[in-house]
Amino acid sequence: MKKWFLLLLVLAIPATGFAAQENEVVTLPTVAPLLVAAAEPGADYSSAPVGEFYAAYVEGDEYQSPRMTAEEAQRAAALLEDYQSGARPEQDVLNKETDVVVGVYTLNPEDYEGETLFTLLPVTPLTDEEILEVIDAFAQCGQTFDPAALTYKNCMRGGGIESWRFFQTEETERRAVLRDLYIRMGFVSDTPYTPQVYDDGLGMAMLDPDSYCGLDYFLFLPARAMTDDELLRYVIYTETSDPAEYGNYAVYEKQLRLEMSRLFGAPLAMTLEFETTAVMGEQDADYGDERAYYACFNTPDGTSYSGYIDVDTSEMLEAWLSFPDSLAYSDLHLDPFDEKWLTIAKETVQTLRSDDAMITDAQSMGEVWLNEGGYGVMVTVVMENGGYYLITIAYQNESPANVITYEFHVPEQQE
Amino acid sequence: MKRLLIAVLLCLLVSGFASADTVREYTLQPAEINVEALLTITFEDQAKNAQTDDREYLFYELPGYDGRPFCGLDDTVGFGQLRLSGYPYLPDSEHPSVFTDNVEPSGVAKCSLTSEEALQKSEAWLKALGITDAYLQSVTAYGKLEKYTGVYLLAFGQQLNGLPVYWAAATQRDEWTKPQSNRIEIIIGDSGLISLYGYWSEFEPVSRETEITSEVDAGARFSAMGLEMGYDELCYLLTGTRDAAMATLAYRYQNRFISAADGSVLQ
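So the protein sequences, as listed, match chains U and P.
Numbering-wise (this note's numbering), the first sequence opens with residue 1 and increments by one.
Numbering-wise (this note's numbering), the second sequence opens with residue 1001 and increments by one.
Hints are supplied without guarantee of correctness; some may be wrong.
[To be verified] Now the in silico label distances, taken between C-beta atoms and shown as ranges: (1) U:L219 x P:Y1089: 28 to 34 Å; (2) P:L1136 x U:V403: 27 to 33 Å; (3) U:V403 x P:S1115: 26 to 32 Å; (4) U:D216 x P:L1058: 41 to 47 Å; (5) U:T69 x P:E1094: 43 to 49 Å; (6) U:T69 x P:S1115: 57 to 63 Å; (7) P:R1055 x U:E62: 24 to 30 Å.
[Claimed, not checked] Among the chain U residues that face chain P by a calculated CB cut under 8 Å, a handful are: (8) S322; (9) S326; (10) Y329; (11) F337; (12) E367; (13) M378.
Just so you know, the hints here were simulated from the structure itself, not pulled from any lab data.
Quick reminder that beta carbons are idealized off the backbone N, C-alpha and C, glycines included.
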C-alpha cells in the first residue's frame, strides 16, 4: 500500500508541472486603476428638474423655449385647416435623423412619461413650410397637432434653455467604465445602437447647428436609469478613435505616463480619465501626420495632466499640467519683464523635470489674465531639444498658476 | 523778537503735526478729465468737428466715420470710476496685435519709436488730460510677428498719496458688476497714439488719523495669519459697491491686506 502511495506521488509531480505551465503571467490591460461606478443617490431621471426650472421661469428668449410663439400658433391653426384641405409639406420630418431644422420623433410612452411624440424646433421664426412639416408628422402618427400641447416634456427649441433630461452623474461614471471595457477589453453589446428613438427608447438626432445655437445633436434619454447595455451601445456608437489601436492603449498609456513623469514630475498614482488616439495634425496645425495617443489623468489634489505622445517615437508632442483653481482675485499689476520671472520659470522647469536636460533660453511673453486669479506673467522656457514650456506665474504669490504647457516644437516654428 | 520766534516755532509744531496726519479712508468718484485735451488727442485737427451722440455719458465721434476715431468719458460704470477711452483714426493695415505671441522679448518694438519716446509722449498725454497721479507699471513691446505693426503698450496704475491702489477680491465675485483695475493702457506706434483706455477715480478724504499700525506690528500680524513675517508694501485697498466705493490704507502681503489703522484683516 505504501509503495502504491509513493508511486502515485511520483506520478503526480509532472502533473503539477503542467499546471504551472498553464498558470502564465498575464499583463493587465491597464496600469491605471479602473474607474469604479458609484450609484448617485440624488440622481433624477425624470423631467421633474426641468419642470422646476420652468415653474420658476419668468421670461426669456421665446425662440429657445419649448413652444411656438403666439404668432406661430396662430398660423399653425390656419395651416392645420390647409393641411386638412390637402396641403402637404415639401419634406417629411418624422423621425428625421440628420441636418434637422424641424423634427418630430415617435417615443415609447413608457420611457417618456407617457409622451408619444417629441418635437424639435429651431431658434429662428418658423416658416409656413416648417409648421406644415410638424402638422404632417403628427398626422402620420394619427395625431392632430396642437401648439398648446408643446411643453418641456415633448419639445426642445433652438438649443433649449432647459429641455428634457441630461446624463446623470452616475450614468456618466458608468459610461466611463463601459468605454474602458469596450476599448481595453473588447466588451460589446449584442444590440447595436440606432439613432431612432422608437425602437429601444434611445436616440440621437443630428441638428443643423445654425438652427440650434451651435448645438449639433440632441439626445433622447429615457426617463429611467439607463442600463449598462444601453450605455455600452451608446459608447460604441459615439466612439471616434481607431478600433485597430485599442489593443495598444496600455502600451501607449505607459509611454505617456513615463513622459509625464520625466517632463512634469507627474506622480504614478494618477487616475486615467480619458484616452483616445488621433492624427496630430488634425489636433494642431503645427504638426503633421504623427500618430498620437492622448490621455488625461487626475490626481486627488485636483491637479491634472494631459498630453499627446507620438506612439512611434514615444516623444511627447504637447502636454499640459493644470493646477486646481485656488487663487482669489488679485488686482496686482507688476512689471512682466522683471528678470525675477525668468528665474522663477527656470527654477520651476528644473524642479519639474526628472532628467538633466539643459535650458537654453527663457523669455517673458508679457502680462496675462489668470481668469479669476487676476494677473500674472507668461514665460517661455526653451530646452536643448527645442521643446519648450509656457509657464504662467501669478503676480500675487509669484508661483506657477493655471496651466503649464509643454510643446515639442520650438516657438519660432509657430510664427 | 522772542514772541515772533515762539510764534514761528508754534506754527512749525502745528504744521509738523498736520503733516504727520495720515488720511486713512477716502470715497471714490469718477475722475475729472480735461475733455478738450481728450478731443485733441483723439481727433487732432478735427477736434472741433467731434459730436456727441444720445448716450447717457459723453461719447464723441466724427460725422461720416464708422468706428474710429472716437472717444468716451463714461461715468456710469459705477464703483466711483470713470471709463476713459480715446481711439484716433487708424487704417486697417496698421491695427496692431497686442497678444502674447506677438510680444517682442527684447523690449524693442518693430518701429522707429523708442520705448523712452513712447513713455514721454504717454506721460504728456496723461498730464494734458489732468492725470497726475499715475505711475508706470510696465512697457510691453510688440512686433514679433511679421504681419503686424510694431507698437508699445504702456500701462499706468493709479496712486493715492504716492501709494498704489488695488481692488479687493470680494468686489470681484459678481462678474457682471465687478470694477476694473484703476489703470490706463496706452498703445503707441510710429503713427502716434493708437488707443488710450482705462478706468480712473478721484479720492475724497472722509477720515483722518494720526497714527498707523507700525511696520513691525503689520509684519507680526501677517505672521499670525500663517504668512511670512513682514509685508510687501503700504497701499490702499478699494472696496465697495457700484454705488459707493472706498479706499482704505492697508498693508499688503501678496494678496492679503490688513488695515493700517487697526491691524484688522481686510482680505
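Going through the earlier hints one by one, which of them does the structure break, listed in rising order?
Violated hints (numbers, rising): 1, 8 and 9; every other hint is consistent with the structure.
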